[in-house]
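Protein sequences appear in the order of chains A and B.
When you line the first sequence up against full-length UniProt numbering, it's residues 1 to 350, in that order.
When you line the second sequence up against full-length UniProt numbering, it's residues 1 to 251, in that order.
Treat the hints loosely; a few may be bogus.
Straight line, CA to CA, 20 Å or less: simulated PhoX-like cross-link-like pairs of lysine-lysine [unchecked claim]:
| hint | chain 1 | residue 1 | chain 2 | residue 2 |
| --- | --- | --- | --- | --- |
| 1 | B | Lys-53 | B | Lys-125 |
| 2 | B | Lys-53 | B | Lys-15 |
| 3 | B | Lys-53 | A | Lys-156 |
| 4 | B | Lys-53 | B | Lys-92 |
| 5 | B | Lys-131 | B | Lys-92 |
| 6 | A | Lys-156 | B | Lys-131 |
| 7 | B | Lys-15 | B | Lys-172 |
| 8 | B | Lys-131 | B | Lys-172 |
| 9 | B | Lys-15 | A | Lys-156 |
Examples of chain A residues toward chain B, derived with CB under 10 Å [as the list claims (entries may be wrong)]:
| hint | residue |
| --- | --- |
| 10 | Trp-229 |
| 11 | Asp-235 |
| 12 | Ser-293 |
Chain B regions said to be covered by chain A (calculated; three or more residues, Cβ under 8 Å) [claimed, not checked]:
| hint | stretch |
| --- | --- |
| 13 | 94-106 |
| 14 | 220-226 |
Just so you know, these hints were derived from the structure itself, not from any lab.
Cβ coordinates follow ideal geometry from the N, Cα and C atoms, glycine included.
Below, each chain spelled out in residue letters.
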Amino acid sequence: MPFQLLNGVMSRHPFLFVLLTVLVLLAAITTGVAVGETNIDFTTVVQAIANGAFGADYPIHPIDQGVIWNYRLTRTLVAACCGAALAVTGLVLQSLLRNALADPYLLGISAGASTGAVMVTIAGVGIGVLSMSFGALLGAILAFGFVMLLSALASKRRSGNISTQIILAGIAGSQLFNALTAFVIAKSANAEQARGIMFWLLGNLSGARWQEVSVAVPVLIAGLALVIWHARSLDAFLFGSDAAASIGISVRRVQVFLIFGTAMMTAVMVSMVGAIGFVGLVIPHAARFIFGSSHLILAPACAVIGALFLIFCDIGSRIVIPGQVLPIGVVTALIGAPCFALVLIRGQKQ
Amino acid sequence: MNLTVSNVHYQLGKKTLLRDISFALEKGERVALIGPNGCGKSTLLRLICGLNKPTSGHIALDDITVQHYPRRTLAQHLSFVQQKATTEELVKAEDAVALGRTPWIKAFERWGTAHQSHVDHALEKVSMTHKRHQHWHTLSGGEQQRLHIARALAQNTPFIVMDEPTNHLDIKQQMVVLSLIENIQRTMLVAVHDLNHALRFDRIIAMKDGRVIAQGKPAELISEAFILDVFDVHSRIIHSSDHPPHIQLLN
Chain A
1 MPFQLLNGVM
11 SRHPFLFVLL
21 TVLVLLAAIT
31 TGVAVGETNI
41 DFTTVVQAIA
51 NGAFGADYPI
61 HPIDQGVIWN
71 YRLTRTLVAA
81 CCGAALAVTG
91 LVLQSLLRNA
101 LADPYLLGIS
111 AGASTGAVMV
121 TIAGVGIGVL
131 SMSFGALLGA
141 ILAFGFVMLL
151 SALASKRRSG
161 NISTQIILAG
171 IAGSQLFNAL
181 TAFVIAKSAN
191 AEQARGIMFW
201 LLGNLSGARW
211 QEVSVAVPVL
221 IAGLALVIWH
231 ARSLDAFLFG
241 SDAAASIGIS
251 VRRVQVFLIF
261 GTAMMTAVMV
271 SMVGAIGFVG
281 LVIPHAARFI
291 FGSSHLILAP
301 ACAVIGALFL
311 IFCDIGSRIV
321 IPGQVLPIGV
331 VTALIGAPCF
341 ALVLIRGQKQ
Chain B
1 MNLTVSNVHY
11 QLGKKTLLRD
21 ISFALEKGER
31 VALIGPNGCG
41 KSTLLRLICG
51 LNKPTSGHIA
61 LDDITVQHYP
71 RRTLAQHLSF
81 VQQKATTEEL
91 VKAEDAVALG
101 RTPWIKAFER
111 WGTAHQSHVD
121 HALEKVSMTH
131 KRHQHWHTLS
141 GGEQQRLHIA
151 RALAQNTPFI
161 VMDEPTNHLD
171 IKQQMVVLSL
181 IENIQRTMLV
191 AVHDLNHALR
201 FDRIIAMKDG
211 RVIAQGKPAE
221 LISEAFILDV
231 FDVHSRIIHS
241 SDHPPHIQLL
251 N
């Protein structure tokens, strides 16, 4: 089995494995930069990145340099960060809530973000002061707060397992904010605006510049560090929250820390690039099939697989239809669903 | 490790589940908790394990209230084997047992030989060493239950609480688990649903309608009248020279 071989190599030579992972990521990023409507050869890509990063002085056409450094590289980096963040968030929610269908948007984040975005762009709330991204971020945080408040009220008198309350509160919150979004669009948007919002909701990486990179990278690192720090606690949820408590986990504290931390990470990503679906639901399952159940391995594995997956989906979104960029959410599902089906079937055979 | 339960009441909504429960466990004692379904055995065990807070009264381990222990410290003193806990994750038998080391291992500590030897020893004790690499969902209910007990052993606590560990098991597995429990030298409080199993413990605490109605040594406590009183079932106790007494339930 190739997966067992992979696991074997990983446990015996962890440093080799980390090195390999970094190389694969670098190769993927370079590919993501090189492939596009007009392909750029790898040498030029590497030289342009060297020019931008280390002030090397390779003679490259300024337009190529600009396209590579300011557009494609930033887009690819943001794609990688979003993919990683969504996959890690999905992993955490699935483990904490012990629900295979949990995804990063379970807690109302995408619904809230879209409400925030339409409030700013269509209803004109705080126009000139708030950008669409900031509106989306506010909306996401607000919706998440609402869902958490609702689940806290719903589980006040209960002890032990509150995951059902959290999930139901998330559904209620999502529905409410989706309805608000639809209301605003129906009331005041023209067809062009409605199309724009739909496009954004399916994921749109075209606005990713260095400013976005400078937010996405630290947020991802902080979120991932939080999850790895709690990896053993996540392992302890294997047999449910009561079992976790009886092996010494402060269940509520861990739930609050991790849900809040990963939700904020997702909110930041969604506010920049829209609600890219599928990654957060499916990558954690794929990672479990390959790497087993230890979160110390699963968390970084999800981050890497999520990053790779979104980089390649982004490439796909740019080249499938010549001259047109597909919403990346469409590509993640189109590529992801068959891949996931394969993993599922192989997992069954094991 | 002493356990003291004093005047514990527990109320959920308007329903009172436990009333005025008081008893104590001495270090090294193995005590069976019996009573009909719904009498509050599981609820009481959850309070003792700190999973719920009593409405009034208090529960103390070595004279410190259970609620005052940090979660991790409590898990170093007390382990809990639930009635039935399962998972759909692809996890190996050995890894399920290794979870017992959670209260003893730090976030970034390497999994060392000391932890591994606790796990090896626990697997050995429940005779599951040969299946350590098998996945959880390929094991039988009895084997899964033995792994839960191994997890509690790997947790290496002086006090073990079990909630009907032989429930859902066939008779052979019940015997295996029971003799396993008899061979564990720790302070134990075990909810037991089969009275014949309860006879094998040092002491019995009997509950009914949320109260403790009697406690004592099995031989002194268990009588036909007592069983009728607690369980509302007629019975006959058969004594034989080469076997422990056996309770036969009559219609």
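Evaluation of the provided hints:
Between the alpha carbons of Lys-53 of chain B and Lys-125 of chain B the distance comes to roughly 33 Å, so the proposed pair goes past 20 Å and is violated. Distance check on the hinted pair: Lys-53 of chain B and Lys-15 of chain B sit about 15 Å apart at the alpha-carbon level, within 20 Å; holds. A threshold of 20 Å between alpha carbons decides the hint, and for Lys-53 of chain B with Lys-156 of chain A the separation of about 13 Å falls inside it, so the pair holds. Proximity of Lys-53 of chain B to Lys-92 of chain B is assessed by CA-CA distance (about 34 Å); at most 20 Å being required, the pair is judged violated.
Between Lys-131 of chain B and Lys-92 of chain B, the direct Cα distance comes to roughly 9 Å. Compliance with the 20 Å bound is thereby established for this hinted pair. Note on Lys-156 of chain A and Lys-131 of chain B: the hinted pairing is violated, with a Cα-Cα distance of about 42 Å set against a maximum of 20 Å. Of the supplied pair hints, the one linking Lys-15 of chain B and Lys-172 of chain B is violated, its CA atoms being roughly 38 Å apart against a limit of 20 Å. Restraint check for Lys-131 of chain B and Lys-172 of chain B: the C-alpha separation of about 18 Å stays at or below 20 Å, so the hint holds.
Between Lys-15 of chain B and Lys-156 of chain A, the direct Cα distance comes to roughly 16 Å. Compliance with the 20 Å bound is thereby established for this hinted pair. Among the interface hints, the one on Trp-229 of chain A holds; its C-beta lies about 6 Å from the nearest C-beta in chain B, closer than the 10 Å criterion. Look at Asp-235 of chain A: its Cβ gets to within about 7 Å of chain B, closer than 10 Å, so that hint holds up. The interface hint given for Ser-293 of chain A is met, as the beta carbon of that residue sits about 5 Å from the closest beta carbon of chain B, less than 10 Å.
Interface restraint, the stretch 94-106 of chain B with chain A: holds (7 residues with C-beta to C-beta distance below 8 Å; minimum three). Counting residues of the stretch 220-226 of chain B whose C-beta sits closer than 8 Å to any C-beta of chain A gives 0, which falls short of three, so the coverage hint is violated.
Going through the hint list in order, the structure does not satisfy hints 1, 4, 6, 7 and 14.
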